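Undergrad: Hey, can you work out the whole structure from these sequences and the hints?
Going down the list, the sequences are from chains A and B. Residues in the first sequence are numbered from 1 upward in steps of one, following our numbering. Residues in the second sequence are numbered from 1 upward in steps of one, following our numbering.
Just so you know, these hints were derived from the structure itself, not from any lab. The structure presented is a predicted model; accordingly, all values stated were derived computationally and were not measured. Hints are not guaranteed to be accurate.
Claimed, not checked - Taking CB as the label site, the calculated pair distances span: (1) 145/B <-> 120/A: 42 to 48 Å; (2) 262/A <-> 60/B: 25 to 31 Å; (3) 50/B <-> 197/A: 34 to 40 Å; (4) 53/B <-> 114/A: 37 to 43 Å.
Note that beta-carbon positions come from the ideal geometry of N, C-alpha and C, so glycine has one too.
Residues per chain, in single letters:
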Amino acid sequence: MGLIPRDFFKFLVKRPLYTAGFIIVIAFTIIGSIAPYILTKPEDAWGVTYDLNKAFQPPSLEYPFGTDAYGRDMLNRVILGSRYSLIIAVCVVGLSLIIGVIVGLVAGYLAGFIGTILMRLTDMFLAYPPLLLAVAFASVLGRGVLTTIMALAISWWPWYARLMYVSVNSVKSAQYVEAAKVVGLSKFTIMAKYILPNSLIPVVTQSMLDMGSAILEASALSFLGVGVPPPIPEWGRLISEGWVYVSKAYWITFFPGLVLLVTVVGFNLLGDAVKEYMNPRLRSIVAKR
Amino acid sequence: MKAVDGVSFTVERGQIHALVGESGCGKSTVLRAILRLVDVYSGRIVFDNVDITNRGESDLKWYRRRVQAVFQNPQGSLNPRMRVFDIIAEPLRLHLKIPREEVLSRVHELTKLVGLPESILDQSPQSLSGGQAQRVAIARAISIKPDLLLLDEPTSALDVSTQAQILNLLLDLKEKLNLSYVLVTHDISVARYMADTIGVMYLGKIVEKSSADTVLSEPLHPYTKLLISSALLLEEKSLESTLKPIGEPPSAINPPPGCRFHPRCPYATEKCKREEPPLVTTGKEHFVACWLYV
Numbered sequence: 001m002g003l004i005p006r007d008f009f010k011f012l013v014k015r016p017l018y019t020a021g022f023i024i025v026i027a028f029t030i031i032g033s034i035a036p037y038i039l040t041k042p043e044d045a046w047g048v049t050y051d052l053n054k055a056f057q058p059p060s061l062e063y064p065f066g067t068d069a070y071g072r073d074m075l076n077r078v079i080l081g082s083r084y085s086l087i088i089a090v091c092v093v094g095l096s097l098i099i100g101v102i103v104g105l106v107a108g109y110l111a112g113f114i115g116t117i118l119m120r121l122t123d124m125f126l127a128y129p130p131l132l133l134a135v136a137f138a139s140v141l142g143r144g145v146l147t148t149i150m151a152l153a154i155s156w157w158p159w160y161a162r163l164m165y166v167s168v169n170s171v172k173s174a175q176y177v178e179a180a181k182v183v184g185l186s187k188f189t190i191m192a193k194y195i196l197p198n199s200l201i202p203v204v205t206q207s208m209l210d211m212g213s214a215i216l217e218a219s220a221l222s223f224l225g226v227g228v229p230p231p232i233p234e235w236g237r238l239i240s241e242g243w244v245y246v247s248k249a250y251w252i253t254f255f256p257g258l259v260l261l262v263t264v265v266g267f268n269l270l271g272d273a274v275k276e277y278m279n280p281r282l283r284s285i286v287a288k289r
Numbered sequence: 001m002k003a004v005d006g007v008s009f010t011v012e013r014g015q016i017h018a019l020v021g022e023s024g025c026g027k028s029t030v031l032r033a034i035l036r037l038v039d040v041y042s043g044r045i046v047f048d049n050v051d052i053t054n055r056g057e058s059d060l061k062w063y064r065r066r067v068q069a070v071f072q073n074p075q076g077s078l079n080p081r082m083r084v085f086d087i088i089a090e091p092l093r094l095h096l097k098i099p100r101e102e103v104l105s106r107v108h109e110l111t112k113l114v115g116l117p118e119s120i121l122d123q124s125p126q127s128l129s130g131g132q133a134q135r136v137a138i139a140r141a142i143s144i145k146p147d148l149l150l151l152d153e154p155t156s157a158l159d160v161s162t163q164a165q166i167l168n169l170l171l172d173l174k175e176k177l178n179l180s181y182v183l184v185t186h187d188i189s190v191a192r193y194m195a196d197t198i199g200v201m202y203l204g205k206i207v208e209k210s211s212a213d214t215v216l217s218e219p220l221h222p223y224t225k226l227l228i229s230s231a232l233l234l235e236e237k238s239l240e241s242t243l244k245p246i247g248e249p250p251s252a253i254n255p256p257p258g259c260r261f262h263p264r265c266p267y268a269t270e271k272c273k274r275e276e277p278p279l280v281t282t283g284k285e286h287f288v289a290c291w292l293y294v
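TA: Next up, the structure:
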């Protein structure tokens with residue numbers, strides 16, 4: 001948390017909507033991290049047992065989110081689902097960030113032949129709608145948490161590569177980079193010590209803004225049946241499972257959908273807050289770090 | 001595109017050579033060429049009898065160790081993500097391969113030499129004033145005891161009071177460390193204060209060069225006269241300018257034919273519009289490129 005400047009909280013407190021977003025994100029992160037330990041009906045959540053006698057129970061005190069077609073408690077399944085959303089979102093954004101930063105850095109600084117090849121490759125990926133690309137890769141790679149992460153990261157990194165490329169290009173003509181050349185530092189040292197730390201802020205900020213979209217796209221893949229396989233209670237999968245019964249048991253679809261909506265809105269609000277906070281005073285934050 | 005053309009000068013050991021001219025005349029490009037930051041398409045850069053014009057970066061390490069530079073914008077030439085200590089220590093670590101304790105003591109020595117307090121070493125460049133930042137840049141440049149220091153408008157971004165301090169520091173260091181300087185400036189009074197020899201540049205060409213005294217006391221080229229009289233005009237308001245500048249300098253990308261100065265020159269003749277004057281000597285090492293003296 002040392003990375004967050006203290007006056008960011010002051011900034012948040014004055015804006016209740018952003019505070020709500022911040023609280024949602026924190027709650028989601030905490031629940032996602034400790035999900036397996038707070039389940040009241042773990043066997044329902046993991047989906048290992050089923051009891052058809054309890055199927056399609058509407059929301060009640062016993063089952064606040066109702067039960068699904070196999071009589072499993074939806075609340076427990078939604079709670080465990082948050083863990084998968086968290087893991088997938090963090091891994092997708094993290095992995096794409098690493099690939100995108102490296103590609104953008106090398107392409108931006110070395111330019112020339114390698115740079116052109118890398119950026120044309122990036123453009124090739126950018127030419128497709130990202131979800132379409134992810135669906136294509138997911139269906140080739142097969143279903144699973146890891147393959148979902150890979151499929152999403154493959155469609156995601158070019159956006160960071162582009163952003164990083166632009167940012168590197170503006171930093172590489174800075175006078176301190178010329179000064180580093182005059183000192184006699186190698187290209188690699190200049191890249192790692194001069195270009196990288198000074199061009200990272202836009203892309204890292206963007207990656208924070210993208211967490212909500214990553215959760216949404218992971219769910220979209222599962223909803224379309226190419227993402228996380230059953231019985232893992234990923235939110236998108238829960239929604240698609242309940243979809244068939246939506247007229248007679250709305251809750252199977254409604255509650256995972258509601259939680260997904262609230263989480264994504266929370267991330268987007270926090271993203272907007274970060275954007276608004278960073279924008280007019282980018283320099284002063286750089287100085288504080 | 002020829003931004004700089006036919007610029008030729010020599011710097012002797014322990015001397016200060018100033019390149020003077022208005023902004024956009026290509027004087028900084030000359031420095032950047034000497035530093036091999038821009039490519040040189042024709043001509044040669046010779047350092048200590050070694051031609052370095054076309055050498056690759058791997059072949060230039062010895063040159064980087066012996067030729068250093070101080071740039072115009074002091075804050076901008078320091079990496080904002082590094083501590084002042086690391087900025088000064090970086091060339092030492094790279095070129096000298098000395099143990100850590102020695103780096104530490106050398107950095108402290110350098111800090112004292114350029115007149116900075118030691119407390120500054122832990123700070124980030126953004127917290128420094130312009131003058132302090134320029135001292136850090138100077139400390140970095142002299143840390144590996146180079147022979148030649150290139151100064152690109154070292155004081156033009158600083159307060160007037162700080163300018164004099166930095167110039168005095170540079171003169172001081174030149175004596176102590178037996179340095180040679182190439183000084184690029186648009187300010188003829190800085191050149192007067194510092195330089196042993198002066199080359200006056202106009203639109204990428206040297207129009208006059210000689211010892212500083214000669215250029216300043218007996219300027220020949222109309223452009224040099226214009227520069228000097230406008231500097232005097234600033235200093236002594238009563239003095240009337242003998243030459244009035246005519247218009248703005250034309251673009252260096254597409255220079256006028258003939259003498260490049262002719263559209264602004266009060267003495268311009270038909271010949272000046274057609275033919276480019278050669279750089280000729282008028283006796284005692286005084287060179288000028290003007291048809292008036294051919």
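Undergrad: Determine whether the Cβ-Cβ distance between residue 53/B and residue 114/A falls within the hinted range of 37 to 43 Å.
TA: 26 Å, violated
Undergrad: Taking the beta carbons of residue 262/A and residue 60/B, is their distance inside 25 to 31 Å?
TA: Violated, since residue 262/A and residue 60/B (Cβ atoms, about 60 Å apart) do not stay within the stated range.
Undergrad: Against the range 34 to 40 Å, how does the distance between the Cβ atoms of residue 50/B and residue 197/A compare: consistent or not?
TA: 35 Å, holds
Undergrad: In this structure, is the beta-carbon distance linking residue 145/B and residue 120/A contained in 42 to 48 Å?
TA: For residue 145/B and residue 120/A the Cβ distance comes to about 46 Å; the hint holds.
Hint compliance for this structure: hints 2 and 4 are broken, all remaining hints hold.
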